[in-house]
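Residues per chain are reported as follows:
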Amino acid sequence: MNRIAVIGVGWYGFRPTTPEVSFREMVFEASSRAYADAGNINPRNDVDSFISCQEDFWEGIGIADEFAPDQIGGAMRPTMTVTGDSLQGLAHALMHINSGIADIVSVEAHSKVSDILTFSDIVKLSMDPIYVRSINPQNMHFIAGLDAVKFMERKGVSREDLAIVVEKNKKNGLSSPRSSYASNIKASDVLMKDFVVYPLTELDIAPFVDGAITVVVADEETAKKVKKDDYLLISGIGYATDSNNLETAELGKAEYMRIASEMAYKMAKVNSPRKHFDAVFVDDRYSYKELEHLEGLRISEEPVKDLREGNFSPQGEIPVNPFGGHLAKGVPLEASGFSLLLDAIDYIRQGKGEKVLVASWRGIPTFTGSVLVVEKP
Amino acid sequence: MKVNIHLNKRVAIIGAGMTLFRRRLLETPQEIAWEASNKALEEAGLELKDIDCVVIGSAPDAFDGVHLKGEYLAHGSGGIKKPVSRVFVGGATGVMTAIAGWYHVASGLCQKVLAVAEEKMSPDRPHPQAVFRYIWDPILEKPLNPNLIWIFAMEMHRYMAKYGIKKEEIALVSVKNKRNAINNPYAQLGANITVEDVLNSEVLVWPVQLLDVSPVSDGGAAIVMTSEDVARRYTDTPIWVEGVGWTLDNTEWPGRDLAYPRYVEFAARMAYKMAGIERPDKEIDVVEPYDPFDYKELHHLEGLLLAKKGEAPKLLKEGVFDIDGDIPSSPSGGLLGVGNPIAAAGLMKVISIYWQLKGTAGKMQVKRPVHTGLAQAWGDLMQAGTVIVLRN
Chain A
4 MNRIAVIGVG WYGFRPTTPE VSFREMVFEA SSRAYADAGN INPRNDVDSF ISCQEDFWEG
64 IGIADEFAPD QIGGAMRPTM TVTGDSLQGL AHALMHINSG IADIVSVEAH SKVSDILTFS
124 DIVKLSMDPI YVRSINPQNM HFIAGLDAVK FMERKGVSRE DLAIVVEKNK KNGLSSPRSS
184 YASNIKASDV LMKDFVVYPL TELDIAPFVD GAITVVVADE ETAKKVKKDD YLLISGIGYA
244 TDSNNLETAE LGKAEYMRIA SEMAYKMAKV NSPRKHFDAV FVDDRYSYKE LEHLEGLRIS
304 EEPVKDLREG NFSPQGEIPV NPFGGHLAKG VPLEASGFSL LLDAIDYIRQ GKGEKVLVAS
364 WRGIPTFTGS VLVVEKP
Chain B
2 MKVNIHLNKR VAIIGAGMTL FRRRLLETPQ EIAWEASNKA LEEAGLELKD IDCVVIGSAP
62 DAFDGVHLKG EYLAHGSGGI KKPVSRVFVG GATGVMTAIA GWYHVASGLC QKVLAVAEEK
122 MSPDRPHPQA VFRYIWDPIL EKPLNPNLIW IFAMEMHRYM AKYGIKKEEI ALVSVKNKRN
182 AINNPYAQLG ANITVEDVLN SEVLVWPVQL LDVSPVSDGG AAIVMTSEDV ARRYTDTPIW
242 VEGVGWTLDN TEWPGRDLAY PRYVEFAARM AYKMAGIERP DKEIDVVEPY DPFDYKELHH
302 LEGLLLAKKG EAPKLLKEGV FDIDGDIPSS PSGGLLGVGN PIAAAGLMKV ISIYWQLKGT
362 AGKMQVKRPV HTGLAQAWGD LMQAGTVIVL RN
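These protein sequence lines are chains A and B, in that order. Just so it is clear: in the first sequence, position 268 is 271 by my numbering, and no numbers are missing. Just so it is clear: in the second sequence, position 42 is 43 by my numbering, and no numbers are missing.
For reference, chain A alone in the conformation it holds in the complex (with noise of 0.2 Å):
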């Protein structure tokens, strides 16, 4: 597998609510910027083929690849949709590459979560319609709650532990300018909050936000063409489902994120992940899930040590979502991992570091995740 270049982001949005645009707007926004910033091509002619990440439920539109081609330039040309985060999305768009059919590809993603009047409702519909279903559950949380609970049982991590990672996020949030979430809070706040289900209060839990993300790929040559030596490469990507069944996944371990996590290192190379990376942008909408998945990726065997001797800051031995995570910055549903991409693209072209991991989760009740390796040239 030959790596590919990030040649071009743009985005629109990260804001709670995006009155002003439609969603198709908002995605048109978004990828001028992203062509604009890959040297300003022309979708209509140099770009091969077109991925957009999204799905049927959140956008309140049947068969929403429909929607798909005219905003970014798609219509007429190879355009489909991956109906995953956008790292899988990305994942594609690296076989689109790698198989010779294409030089260039724009990936997009976006959430226009404002519009979704129901959305615990939604989240029902993805529960398995026999077993999990059937139950009603009250609260769409409850299998975050499950699987903290274990994972804080089997690690050692306590209330004031996940506290410490809401205060951590939102505070580095105040560093980036699409933190809509961001705030100087203080552990203690977290835990006077009442718990929305045990062990996570409303602060430990990432709001939603609307935004939109195109990212522009290319191969290594073209970027070369294209951009000079002003691109950044994936040197390795992996996305892997543990189970989607809650009763054969396995609860308290991040498993999708190993499995994903091996089969990026394994491609970019990287033998010790913790020294290996100069941050990691991890999937951090529930608090825990920042610990969980950091285990997962084999960043820290120790989390809740490294946590508190203050290793994951913005200073420390191996700074985690320095520009404030999801608990910062909210989650744009199928964009979140995007999101995290566009914190270590900034935190790259800022000449903070040159090598960093990018780690995202599908959500509740998905055991699915996708990583990239990012790197400069």
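Where hints are given, some of them may not hold.
Only pairs whose alpha carbons sit at most 25 Å apart, straight line, appear in this in silico PhoX-like list of lysine-lysine [as the list claims (entries may be wrong)]:
(1) 82(B) <-> 168(B)
(2) 309(B) <-> 274(B)
(3) 269(A) <-> 50(B)
(4) 158(A) <-> 127(A)
(5) 309(B) <-> 158(A)
(6) 228(A) <-> 358(A)
(7) 256(A) <-> 82(B)
(8) 272(A) <-> 168(B)
(9) 269(A) <-> 274(B)
(10) 358(A) <-> 278(A)
Computed, partial: chain A to chain B, Cβ under 7 Å [said to hold, decoys possible]:
(11) 102
(12) 123
(13) 243
(14) 253
Computed beta-carbon distance windows for the label pairs [stated by the list, open to error]:
(15) 308(A) <-> 142(B): 51 to 59 Å
(16) 39(A) <-> 144(B): 32 to 40 Å
(17) 278(A) <-> 109(B): 39 to 47 Å
(18) 279(B) <-> 278(A): 35 to 43 Å
(19) 48(A) <-> 144(B): 34 to 42 Å
(20) 134(A) <-> 207(B): 44 to 52 Å
(21) 283(B) <-> 120(A): 41 to 49 Å
(22) 275(A) <-> 284(B): 26 to 34 Å
Hints are computed from structural coordinates only; laboratory data are not their basis. From the three backbone atoms N, C-alpha and C, an ideal C-beta is built for every residue, glycine too.
Dock chain B against chain A, hints included.
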């Protein structure tokens, strides 16, 4: 799109499996997916543990009534502790699933891929048509509450009007495909019907009548795709993927020429270029065009450049597309005869070609020797075309 004429890696299909296509299967969607997957693995001589990656295809989520349907189907498709993803282009998803399986292997990411398509439409009450109320532009079209058959009636009418085609000529597709389906052990609606039967069937939206339309179905289909060296180890008769193509037209269907599927032509040209096909009407030995409506088979045969614009009905009448004709079309019985579990129906078309080229199509086997076959699917707001060319 850049088309790599010298493909990086050859990809073969070495196993295929299907469930029965029926109006109401008792199995859950996960069980349907597993039955098809299991059969495909068995034919390939592989076990689930041998599979590197799983690709899932399924059309609107609302059919199964499950959000994040790819995740849900992952379990039934054997996608546990593996890279799994779902691809989606509405009704064209079935062939797109095979295309995605192809590029999983052709890219070098995986050696052995299980590509699975499933659709269970029977949970929809009172009828899956209700799901199609939500496929329209929410601002411009939804307030009109259009019905899916309504827009296909417009398209069929336009096709007939532009080329002076009669309903009797179009009905011959339904007669041919339902007759072919009698030989297909998986088929839901094989029958010996006549043109008169079609013309006397209930009018749904003129000119679309009941027997112009494929039935609503549940069903699953799966194939195993591998790299060349793996294929050589497991079979003496691999069927090679020689060309793939897909195109999505713009969203605004009312602004299009409804008489001709240009997106199918674009997808076909991409696949032909990759497969080195310059005269498709001379080089394609057997074809499975997407036929949810009888006129669509004719429409697609023209888009695939197997007939000139407006001339497919004439060739049909001459027997060119019969099972013993020059270019047998839908020898499986197509969607009109086998059934239409949306995504699974598209992959069924790929499997049908695979069986034809392998020589294991049984009673469906076309009379003349075949070496190059094509499967095609269509979907979305009359805007998606997917094409795959196979050779033995």
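Status of each hint after checking the structure:
For the hint pairing residue 82(B) with residue 168(B), the CA-to-CA distance comes to about 52 Å; that exceeds 25 Å, so the pair is violated. The hinted pair formed by residue 309(B) and residue 274(B) meets the criterion: a straight-line CA distance of about 19 Å does not exceed 25 Å. Pair hint residue 269(A) plus residue 50(B) holds up; C-alpha atoms about 20 Å apart against a cutoff of 25 Å. At roughly 29 Å between alpha-carbon atoms, residue 158(A) and residue 127(A) are farther apart than 25 Å, so this suggested pair is violated.
Of the supplied pair hints, the one linking residue 309(B) and residue 158(A) is violated, its CA atoms being roughly 69 Å apart against a limit of 25 Å. For a cut-off of 25 Å, the pair hint linking residue 228(A) to residue 358(A) stands: about 23 Å separates their Cα positions. Proposed proximity of residue 256(A) and residue 82(B) is supported: the alpha carbons are some 13 Å apart, at most 25 Å. At roughly 63 Å between alpha-carbon atoms, residue 272(A) and residue 168(B) are farther apart than 25 Å, so this suggested pair is violated.
Proximity of residue 269(A) to residue 274(B) is assessed by CA-CA distance (about 35 Å); at most 25 Å being required, the pair is judged violated. Restraint check: the Cα-Cα separation between residue 358(A) and residue 278(A) comes to about 10 Å, which is no more than 25 Å; the hinted pair holds. Interface restraint check for residue 102(A): the shortest CB-CB distance to chain B comes to about 4 Å, inside 7 Å, so the restraint holds. Using the Cβ-Cβ criterion of 7 Å, the hint placing residue 123(A) at the interface with chain B is not satisfied: the shortest such distance is roughly 12 Å.
The interface hint given for residue 243(A) is met, as the beta carbon of that residue sits about 5 Å from the closest beta carbon of chain B, less than 7 Å. Interface restraint check: residue 253(A) against chain B, minimum CB-CB distance 9 Å, threshold 7 Å, status violated. Distance hint for residue 308(A) and residue 142(B): a CB-CB separation of about 57 Å, consistent with the stated range 51 to 59 Å. Between residue 39(A) and residue 144(B) the C-beta distance comes to about 36 Å, which sits within the given range of 32 to 40 Å.
Checking the proposed 39 to 47 Å range against residue 278(A) and residue 109(B) shows it is violated: the Cβ atoms sit about 28 Å from each other. A hinted range of 35 to 43 Å is violated for the C-beta pair residue 279(B) and residue 278(A), which are about 55 Å apart. Between residue 48(A) and residue 144(B), the C-beta spacing of about 37 Å keeps the proposed range 34 to 42 Å intact. Separation of residue 134(A) from residue 207(B) is about 46 Å and conforms to the stated range, judged on CB atoms against 44 to 52 Å.
At roughly 56 Å, the beta carbons of residue 283(B) and residue 120(A) sit outside the given window of 41 to 49 Å. Taken as a hint, the range 26 to 34 Å is violated for the pair residue 275(A) and residue 284(B), whose Cβ atoms sit roughly 54 Å apart.
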